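> This is what each chain is made of:
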Amino acid sequence: GAVVSQHPSRVICKSGTSVKIECRSLDFQATTMFWYRQFPKQSLMLMATSNEGSKATYEQGVEKDKFLINHASLTLSTLTVTSAHPEDSSFYICSALRPAGGIQYFGAGTRLSVL
Amino acid sequence: DQQVKQNSPSLSVQEGRISILNCDYTNSMFDYFLWYKKYPAEGPTFLISISSIKDKNEDGRFTVFLNKSAKHLSLHIVPSQPGDSAVYFCAALLNFGNEKLTFGTGTRLTIIP
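One line per chain: the protein sequences are A and B, in this order. Numbering-wise (this note's numbering), the first sequence opens with residue -8 and increments by one. Numbering-wise (this note's numbering), the second sequence opens with residue 515 and increments by one.
Honestly, the hints are just simulated from the structure, not real lab data. Remember, it's a predicted structure, so these values are computed and weren't measured experimentally. All clues given are correct.
Quick partial rundown of chain A residues pointing at chain B, CB under 10 Å, derived from the structure:
no.: 1; residue: GLN29
no.: 2; residue: MET36
no.: 3; residue: LEU88
no.: 4; residue: ILE94
no.: 5; residue: GLY98
Listed next, the in silico BS3-like pairs over lysine-lysine satisfying Cα-Cα at most 27 Å (straight line):
no.: 6; chain 1: A; residue 1: LYS32; chain 2: B; residue 2: LYS519
no.: 7; chain 1: B; residue 1: LYS519; chain 2: B; residue 2: LYS582
no.: 8; chain 1: B; residue 1: LYS552; chain 2: B; residue 2: LYS570
no.: 9; chain 1: B; residue 1: LYS568; chain 2: B; residue 2: LYS552
no.: 10; chain 1: A; residue 1: LYS32; chain 2: B; residue 2: LYS585
no.: 11; chain 1: B; residue 1: LYS614; chain 2: A; residue 2: LYS46
no.: 12; chain 1: A; residue 1: LYS32; chain 2: A; residue 2: LYS57
no.: 13; chain 1: B; residue 1: LYS614; chain 2: A; residue 2: LYS32
no.: 14; chain 1: B; residue 1: LYS585; chain 2: B; residue 2: LYS570
no.: 15; chain 1: B; residue 1: LYS585; chain 2: B; residue 2: LYS519
no.: 16; chain 1: A; residue 1: LYS11; chain 2: A; residue 2: LYS57
no.: 17; chain 1: B; residue 1: LYS519; chain 2: B; residue 2: LYS614
no.: 18; chain 1: A; residue 1: LYS11; chain 2: B; residue 2: LYS614
no.: 19; chain 1: B; residue 1: LYS614; chain 2: B; residue 2: LYS570
no.: 20; chain 1: B; residue 1: LYS582; chain 2: B; residue 2: LYS570
no.: 21; chain 1: B; residue 1: LYS614; chain 2: B; residue 2: LYS552
no.: 22; chain 1: A; residue 1: LYS57; chain 2: A; residue 2: LYS46
no.: 23; chain 1: B; residue 1: LYS614; chain 2: B; residue 2: LYS585
no.: 24; chain 1: A; residue 1: LYS11; chain 2: B; residue 2: LYS552
no.: 25; chain 1: B; residue 1: LYS519; chain 2: B; residue 2: LYS570
no.: 26; chain 1: A; residue 1: LYS11; chain 2: A; residue 2: LYS46
no.: 27; chain 1: B; residue 1: LYS614; chain 2: B; residue 2: LYS582
no.: 28; chain 1: A; residue 1: LYS32; chain 2: B; residue 2: LYS552
no.: 29; chain 1: A; residue 1: LYS5; chain 2: A; residue 2: LYS57
no.: 30; chain 1: A; residue 1: LYS55; chain 2: B; residue 2: LYS614
no.: 31; chain 1: B; residue 1: LYS568; chain 2: B; residue 2: LYS519
no.: 32; chain 1: A; residue 1: LYS57; chain 2: B; residue 2: LYS614
All C-beta atoms in this analysis are idealised placements derived from N, C-alpha and C, irrespective of residue type, glycine included.
Let the hints inform the model, and build the full structure from the sequences given.
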């Protein structure tokens, strides 16, 4: 079964609204989670590293005020796309880093469509 | 700049034969490599990994080969099964403590019954 749960799997929203995506680690405590974005026929691009109890670390070119990340517990990280616009439409996917072994386990992803 | 490249976007293989997926990288500082498998509407699933100090790692039907001098790795699946049809991503870690993965663009493998 899945070790990382991501919700919702699909969101359709109007331009200007904010969308929150949840990522839960089910089988282990994850001090580190990651958020990726995937465009069609492209690789997964790391957006930010989410650290429990501290601020997220954003990759170059990713607007931290646009993509708010909260990692309030060892099993939950959230990504909020604020004031979403059509160009934010994409496939967002999270992962949780299992402490022993260093393997990332991925959620099923969220397809965001902004009208 | 794509540091991890999978030059074949797709590959078709007859069931029972060997599937070979290739991956090239440019950064010689990568010291850990992973292969992930992804079905539609699901997240990537970890398959197999290899440390840069090794040249081969085997796990059941899956074997990963690493050629550091050529900055090339490959995933061999033998025998190929219909359930292996998926998109395969190779990924690289800059250093084990860093944990940030750099992904290739993926190769869609189709196993023909």
